[in-house]
Amino acid sequence: MLKLISDEHTDLPADHQGARFFRWMKNKGIQGLYTSRVGLKELDYKGNAFYAECPGCTGEDHSR
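Using numbering that gives the first Met the number 0, you'd call the opening residue of the sequence shown number 0 and step up by one each time.
These are calculated hints, taken from the structure and not from any lab test. Note that the structure is predicted; figures quoted are calculated from it, not measured. Please note that the accuracy of each hint is not assured.
[Unchecked claim] Pair by pair, the computed Cβ-Cβ distance ranges are: (1) Cys53 <-> Gly28: 32 to 38 Å; (2) Pro12 <-> Leu32: 25 to 31 Å; (3) Asp10 <-> Val37: 23 to 29 Å; (4) Lys25 <-> Gly46: 45 to 51 Å.
Beta carbons: idealized from backbone N, C-alpha and C, even for Gly.
Put together the whole structure using the sequences plus the hints.
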């Protein structure tokens, strides 16, 4: 059933009802995971932490 409504169909428009529903469900699943204890642990979330000093940008294009 998921194959029928997934984003993999090239013969149907990307905004057909099944694809919209599938994207919505994927979004809610991801949102549910990463706001759960397991997801926050995977993200190594430390809570409302802050830096005592700004660490600054370290990328090559930021060293102007």
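Hints, one by one, checked against the model:
1. Cys53 <-> Gly28: 32 to 38 Å: holds, 35 Å
2. Pro12 <-> Leu32: 25 to 31 Å: The hinted range 25 to 31 Å holds for Pro12 and Leu32, with Cβ atoms some 29 Å apart.
3. Asp10 <-> Val37: 23 to 29 Å: violated, 37 Å
4. Lys25 <-> Gly46: 45 to 51 Å: The hint (45 to 51 Å, Cβ to Cβ) is violated, given that Lys25 and Gly46 are roughly 27 Å apart.
Taken one by one, the earlier hints fail for this structure at numbers 3, 4, listed in ascending order.
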